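Build the full structure now, drawing on both the sequences and the hints.
Chains as they are written, first to last, in this note's numbering: chain A, 99 to 322; chain B, 99 to 322; chain C, 15 to 250; chain D, 15 to 250.
Careful: at least some of the hints might be erroneous.
[To be verified] Here chain D is said to cover these stretches of chain B; the calculated rule only asks that three of the stretch's residues, wherever they fall, bring their Cβ under 8 Å from a Cβ of chain D: (1) 111–123; (2) 156–162; (3) 176–184; (4) 268–281.
[To be verified] Interface residues of chain D toward chain B, partial, derived using beta-carbon atoms under 8 Å: (5) VAL22; (6) PHE43; (7) GLY44; (8) CYS46; (9) LYS58; (10) MET59; (11) LYS88; (12) ALA92; (13) GLY141; (14) THR142; (15) VAL144; (16) ASN190; (17) PRO193; (18) PHE219; (19) LYS237.
Hints are computed from structural coordinates only; laboratory data are not their basis.
The structure displayed is predicted, hence computed values, not measured ones.
Every residue, glycine too, gets a C-beta built ideally from N, C-alpha and C.
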Amino acid sequence: MALTKDQIAQRLSQELKDGYYVNLGIGIPTLVANYIPEGIQVMFQSENGLLGMGEFPAAETVDPDLINAGKQTVTAATGAAYFSSSESFEMIRGGHVDLTILGAFEVDQKGNLASWMIPGKLVKGMGGAMDLVASAQNIIVAMMHANKKGDSKILKECTLPLTGVQCVSKVITDLATLELRDGAFHLLERAPGVSVEEIQEKTEANLVINGEVPEMRLSAPVPA
Amino acid sequence: MALTKDQIAQRLSQELKDGYYVNLGIGIPTLVANYIPEGIQVMFQSENGLLGMGEFPAAETVDPDLINAGKQTVTAATGAAYFSSSESFEMIRGGHVDLTILGAFEVDQKGNLASWMIPGKLVKGMGGAMDLVASAQNIIVAMMHANKKGDSKILKECTLPLTGVQCVSKVITDLATLELRDGAFHLLERAPGVSVEEIQEKTEANLVINGEVPEMRLSAPVPA
Amino acid sequence: MAGFNKIVTRYEDALAGLTDNMTVMAGGFGLCGIPEGLIDQLVKMGAKGLTCISNNAGVDHFGLGKLLDTRQIKTMIASYVGENETFEQQFLSGELEVILTPQGTLAEKIRAGGAGIPAFFTPTGYGTMVAEGKETRKYNGKMYVLEESLTADFSLIKAYKADTMGNLIYRKTTRNFNPMMAQAGRITVAEVEEIVEPGELDPDFIHTPGIYVDRVIQGTFEKRIEQMTLKQPAHA
Amino acid sequence: MAGFNKIVTRYEDALAGLTDNMTVMAGGFGLCGIPEGLIDQLVKMGAKGLTCISNNAGVDHFGLGKLLDTRQIKTMIASYVGENETFEQQFLSGELEVILTPQGTLAEKIRAGGAGIPAFFTPTGYGTMVAEGKETRKYNGKMYVLEESLTADFSLIKAYKADTMGNLIYRKTTRNFNPMMAQAGRITVAEVEEIVEPGELDPDFIHTPGIYVDRVIQGTFEKRIEQMTLKQPAHA
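Put into structure tokens, the structure is as follows:
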């Protein structure tokens, strides 16, 4: 079975390490904050000027002066710091964020990523995504493996306008965990119950399969 | 009579205007703070990270954490702000300081200025002087008109390594007030009792003299 | 206005001198930390043909969205302009020119403008549409794009507190683009929630020193929320 | 050291991994805001062939002057190095390489290094020795010099207070080069006067967020004064 969005987030959360500063993109990546593994601490950076983003506020503590990069009302964690947008991107561009998890429309085997624009539809803008992908040492892309018609989004070459080039190393989808090495995606894990054949079929890019491919372990229970 | 250093500072102080943010260099310029004309307010910027430098401290309030760019212990004026060195030079390079008064070894009629290095002697470094002269819209140079042997320091072309090019517009010396226009220094004022002939003799650069040259007015008394 | 007193009491005075075809920066991220009253005044004045620099373009009929309703903006420089139908219409009809700029590059271009840096290299956008026609260069094996700085005739910013000398502090994530814009405006006007006397703000903790600020006005703020998200589902 | 606890209690641990021929930044302006104990530890460790980046080089036998006594510095990048005889001797004998850099350019090069900007144009030094061999370019009728950024293997900085997560605040003019160096170090070590619990520093007024800081150690400081100047003449 393909993973739900929450299950993708659960699998992504296994990439967190104790003491990591992490930037989570809008969409599935945001859900990762709900699955922080026990015994580890992470700090979330929000590019509008907050290091140490906390959970959503209770109704009585909502503060319009405190939002995240998705413009949602949030809280600040203990030990948080506020700063300007230029300082925020000093952090990001300077490589100080340990891990960036973000969504994409397409990735390709050159490591390119498209996530901000679909020509013909209205362009909303790239926000901070181009800075994040150009700067992070450690990027994980969270996305659906294929579109609703079954067409692969893991491509030999992106068809949409790019967000960044040669920036992708790891991709976690509803079907698989992929690692990009030497111009090909290596299949590291399958979603539980998903066959290697299905993944191969839905992967347009070169796919390397070495021996038995293990299933993902989704240990933490999905919250209600 | 040639002006004393305090009298030069007194004449320089007439260039201050109400509401000016001012950077004073080391030496004679520092003395300008003692002669702020009555009825006007100015704020002094010290490039090590202080806007609103106050007077020297009383012995019992000396704070080693509070110095000026000359490494002297100082105080902070009401309404002061501290900031980092990069922020300080954002202010300077961004043209936010209204007036910079600094010393020089030589100036020339191209507007060049030499103030930081005498080859053969040890080079101490340029500190913030190069940033100040490259950035300020409004620079006044305070200096001696000639050296002890009577050789002019107001030159056709500087002989020492430059601090900045095409940056000088006004020079106030122990003998005269000069303004640089169209490649020549225009004699605006004489020190009290100093003849036009003496100034001409001690000025190697092209000097323009238009009609009667007034004497400087040094109204404020020199404090003890 | 003698010495360093930057206070003005009327919005007309706050934006005096702002005329047609000027470049105007406006602080804020989404609707968080925007100079609401200064935007209203700009609508009232009706200055047209503006180049507007702001991370976002407000929402329909609020924030900078108001200046779209009145068609006062000719060119918009922003990083993200979603959720705004008026914007969409004017953009598609070609009435509005839009220069989309990555958020970090936008922040750095504005910071550079106020800091006397005319251009800098950044990795952001290399190999994308954003880098088209721009100089690129390799440093330490990585490719970078040369970006030029931005300045404005007027910067309209929002702060939490000001003293009468124009020293400013911001609150929480309202800081965003406001400090850099304060530095990059030829004339910078700050609309604030509270004005205090000089000396009341701790000199160690001033976010924007008064040297950048030309005028300060006390405002009242609606502080509309774009995405109300709560820990427990709201039963509104 | 679990989670975000950055505290170390021994100076050996504070500078663990600092070896010969590394590039080391040290905060401070003159003797104001220098990491005294970290410099002492560096002397004790004896790492040699260092490239040292600091606005000044201390005075004879104090501050970075101590590292000159022990001949641990090979290259010094600074803006002003007066009042130091040991420095003078080693410089004149060719033992010490010195790269003099204008103060604002030095600050911006370090800031750029920590901010992922590899190079920028600045007006400073155009037409002088500083610009020799460097690319220049005209923007809006004015000439600018292209300068490249600086980073370090270790940044040794001095702050007033830290929380255990490495959030820092500075006091008065001790701030100077410390915040930028905190950002530009691959490993940043902060020596502070006081350590507090997370949450005790106001998130609106943190000068250096903990993300830049790897290790924090509590020190004691002599805080020697270079130029004691008093309002009334001192009768010492």
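The hints, checked one at a time:
no., hint, verdict
1, 111–123, "violated (count 0)"
2, 156–162, "holds (count 5)"
3, 176–184, "holds (count 5)"
4, 268–281, "violated (count 0)"
5, VAL22, "violated (24 Å)"
6, PHE43, "holds (5 Å)"
7, GLY44, "holds (4 Å)"
8, CYS46, "holds (5 Å)"
9, LYS58, "violated (24 Å)"
10, MET59, "violated (27 Å)"
11, LYS88, "violated (18 Å)"
12, ALA92, "holds (6 Å)"
13, GLY141, "holds (3 Å)"
14, THR142, "holds (5 Å)"
15, VAL144, "holds (6 Å)"
16, ASN190, "holds (5 Å)"
17, PRO193, "holds (5 Å)"
18, PHE219, "violated (12 Å)"
19, LYS237, "holds (4 Å)"
Consistency with the previously given hints fails for numbers 1, 4, 5, 9, 10, 11, 18, ordered from lowest to highest.
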